[in-house]
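Student: What follows is each chain in one-letter form.
Number of protein chains: 2
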Amino acid sequence: MLGGWSMTSAENRIADMAQQARAAAAELARVEPAQTAKALRAAASAVRGGASAILAANDEDLARAGKLSAAMQDRLRLDAARVENIAAALEAVAALPTPLGDVIDTRTRPNGLRLDRIRIPIGVVGIIYESRPNVTADAGALCLRSGNAVILRGGSEAQASNRALHQAMRTGLSSAGLPEAAIQLVDDPDRALVSAMLRAAGGIDLIVPRGGKSLVAAVQADARVPVLAHLDGNNHVYVHRAADPAMAEAIVIDAKLRRTGVCGAMETLLIDADYPAAIPLVEGLLERGCELRGDGRAQALDPRIRPAAAEDWGTEYLEAICAVAIVDGLDAALAHIAAHGSGHTDAIVTADAAAAERFLAEVDSAIVLHNASTQFADGGEFGLGAEIGIATGRLHARGPVALEGLTTYKWAGRGSGQVRG
Amino acid sequence: MLGGWSMTSAENRIADMAQQARAAAAELARVEPAQTAKALRAAASAVRGGASAILAANDEDLARAGKLSAAMQDRLRLDAARVENIAAALEAVAALPTPLGDVIDTRTRPNGLRLDRIRIPIGVVGIIYESRPNVTADAGALCLRSGNAVILRGGSEAQASNRALHQAMRTGLSSAGLPEAAIQLVDDPDRALVSAMLRAAGGIDLIVPRGGKSLVAAVQADARVPVLAHLDGNNHVYVHRAADPAMAEAIVIDAKLRRTGVCGAMETLLIDADYPAAIPLVEGLLERGCELRGDGRAQALDPRIRPAAAEDWGTEYLEAICAVAIVDGLDAALAHIAAHGSGHTDAIVTADAAAAERFLAEVDSAIVLHNASTQFADGGEFGLGAEIGIATGRLHARGPVALEGLTTYKWAGRGSGQVRG
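As you go down the protein sequences, you meet chains U and C in turn. Going by this note's numbering, the first sequence opens with residue 20, and the numbers climb by one from there. Going by this note's numbering, the second sequence opens with residue 20, and the numbers climb by one from there.
It should be emphasised that the hints constitute simulated quantities derived from the structure, not laboratory data. Glycine included, each C-beta is placed from N, C-alpha and C at the ideal position. Take the hints with a grain of salt, since some may be wrong.
Unchecked claim - Stretches of chain U that chain C covers, calculated by requiring three or more beta carbons in the stretch to come under 8 Å of a beta carbon on chain C:
#1 44 to 58
#2 124 to 134
#3 368 to 382
#4 388 to 395
#5 399 to 411
#6 428 to 437
Unchecked claim - Some chain U residues judged to face chain C by a derived CB distance under 7 Å, without partners named:
#7 ARG210
#8 MET266
#9 GLY418
What the hints assert, rightly or not - Cβ-to-Cβ under 10 Å is the rule here; a few derived chain C residues that face chain U:
#10 ALA44
#11 ALA70
#12 MET266
#13 GLN394
#14 ARG439
If we strip away everything but chain U, and leave its shape as in the complex, we get (with noise of 0.2 Å):
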């Protein structure tokens, strides 16, 4: 419930926002998905052609971050590339068809009362974000096209940055005729409004964090909307007895250290007991620069595999670090994976089929791969076009969120007099 006498100004004013969206809202949903293709394509235009604003702003946020890791000021720094890159992902969002309108089923009933499922826009959503400006185009872009309205609240690092992008999201906005309310920036570094935005159950729908483990963690910890939530990929490759291993050794290389910073990366590797070339997929990681850490017999391969403790099976390492377990079979592997898994994407090599489906039922990830790399938990490589994230709890949406993600449904109903009686 929104309004009311006990409210906080920050309350207030995330009341405002979300009122202001919520008629925006029900604008987008009168207009024809051409309008928020031609948005995105003309605040693509705006980026480009405000490319040294942005930059400048950039530099003003970046004069600031003097105290912020190294790794925190690459992600919060734009350059002439990252700018191109922003506006053509706008142009990409813009190109995606989108699935509004789309009648998911439809039924008939005895009585000749038609019943149609449709697609239709969530209503508002909430982005909060830490110090990467190109969230506020990417995010904005994604909501926009699926039909919703947007309140986005990045990083008080990023605050000069992400003003600069959301000027040119407004300019996009306007020039397709669309309400500038339908993408709104909170670009107050107030926390206050955080909290305010994760309690506005009834102004905004659904809230997604994008960031880290710790801000998703506090944003699931307080909030009372509805919350779309990524926290960690702690994911596994099981080399089962049967596996190639010619093809086990490149699934594990390149789920491990093609990219070592996704969340699709292994984390965790699960060696069968069985599995005849056990040290030469340890000393294919090992002789590229991977630190293993192993339990006794994983330690057993090799002599550089250090020895694991209790934290290793649960720990997200997001650098070229990785767990190793030997396992006797692939019900000890389905045991480690559901003691120690976190739901994100898990992935078997084996050229036994039945092993295959096994792992791939019984496995309660969000994501379960036969005989391929962890590293295609993208939804791009899925096919779905960009992504807000990649969903690891249970309800709306599992795995890459993209358009569709952003979407609920109505039950339109047709008929001609029908009464129950």
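Position chain C against the provided structure of chain U, taking the given hints into account.
Tutor: The following block gives chain C in isolation, referenced to the frame of chain U:
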């Protein structure tokens, strides 16, 4: 997160139940749907065979129910017919086809990776309900048939009845070789156990409150677990100027008076200022004993119409009372519903197809109807089978929620050694 030194004993008890439920859910994920059907048919026999014990337990509850309202006592009361209805309902759910294993979509990527999106159970569902003992069987059956483990928490006034019905459910489970922990009952009246359920994030995946508005609102306010909630159904029927008078009268009388206590009942009647047969329409309701509360222009139709107060436009009466407003055309009707509706079910009566399509598109409710009674808002009438409730939220499931709404999905990918490289 469950576990940890800081948990109360109530939290520990729920955590233990949730852990057993999780293990049971893992077993359910491996059985054929025929097994849950078998368990429900066996439970139906156990209900019939144990009818006298169930009725004796219900007498115990009724003996302690002296201070309850007559309405609550009626909801609590079982008799031979109601027990038979419970058994028949279990058999009906057993006969429902399950969506489990359905492939929602399938795609093969250019690299040959095949991705299937597959329906699976949510996992562990918590049901919090009031004095109706039949919910123990109905909700337990829907959760089991959709492959979920369930933790049931009924009203303390129905404790003995719920125990007896739960015993029949357990008999059904064990006779089908399914784990009894698939359907657990919290049969301790301590309210701290309800709070513990609402906070058991990670242990319970979804909470479904079944009961009055105050119960649902309290659950929504405290829950840390996602809630599939149905608040009020402040439903409108808009009689457009181009409505057929006979059809309008039949739909309005059915929507309001067929059953006044159901959530699909009409609570506000909107009559177009240009509708020519307004007087017989309101007389049809008045003559059937329905109290009408109208705005100034509505009162002018008949002296028996009382003045409506501001709160009447937002009231779910659930009795033979109806608010009536005269509106100046479709836009005014849409504005009234946007301002006062509860997003449940709203209907237009008109022979004007364009007006109907605008109403269906622009009314932002879970169910929108053209030329049909709002009392069709029911899972059975939608052909979905028994319903766990009607969701008025915007995430996951909307409108009547039956088996599909109690499922989620996973992505299963089948490759031949694909790496991202």
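Student: None of the hints should be skipped; say for each whether it holds.
Tutor: Comparing the hints with the structure gives:
Judged by the Cβ-Cβ criterion of 8 Å, the region 44 to 58 of chain U is covered by chain C as claimed, because 3 of its residues qualify and three suffice. Counting residues of the region 124 to 134 of chain U whose CB lies closer than 8 Å to any CB of chain C gives 4, so the stated coverage by that chain holds, three being the minimum. Only residues whose beta carbon comes within less than 8 Å of a beta carbon in chain C count, and the region 368 to 382 of chain U has 4; three or more means the coverage holds. Coverage of the region 388 to 395 of chain U by chain C holds. Counting CB-CB distances below 8 Å, 7 residues qualify, and the rule asks for three or more.
For a cut-off of 8 Å, the count of residues in the region 399 to 411 of chain U with a CB near a CB of chain C stands at 3, and the three-residue condition holds. With 10 residues bearing a CB less than 8 Å from a CB of chain C, the region 428 to 437 of chain U meets the requirement of three and the coverage assertion stands. Look at U/ARG210: its Cβ only gets to about 21 Å from chain C, farther than 7 Å, so that hint breaks. Below 7 Å, beta-carbon pairs count as interface contacts, and U/MET266 has one with chain C at about 4 Å; its hint therefore holds.
A hinted interface residue such as U/GLY418 counts as satisfied when its beta carbon comes closer than 7 Å to some beta carbon of chain C; here the least separation is about 5 Å, so the hint holds. Evaluation of the C/ALA44 hint against chain U yields a held restraint, the C-beta minimum of about 9 Å falling below 10 Å. The restraint placing C/ALA70 at the interface with chain U is violated, with a minimum CB-CB distance near 30 Å, outside the 10 Å limit. Interface hint at C/MET266: satisfied, since its Cβ lies 4 Å from the closest Cβ of chain U, which is below the 10 Å cut-off.
Proximity of C/GLN394 to chain U holds as hinted, the smallest CB-CB distance being about 5 Å (cut-off 10 Å). About 5 Å separates the beta-carbon of C/ARG439 from the nearest beta-carbon of chain U, less than 10 Å, and the hint is met.
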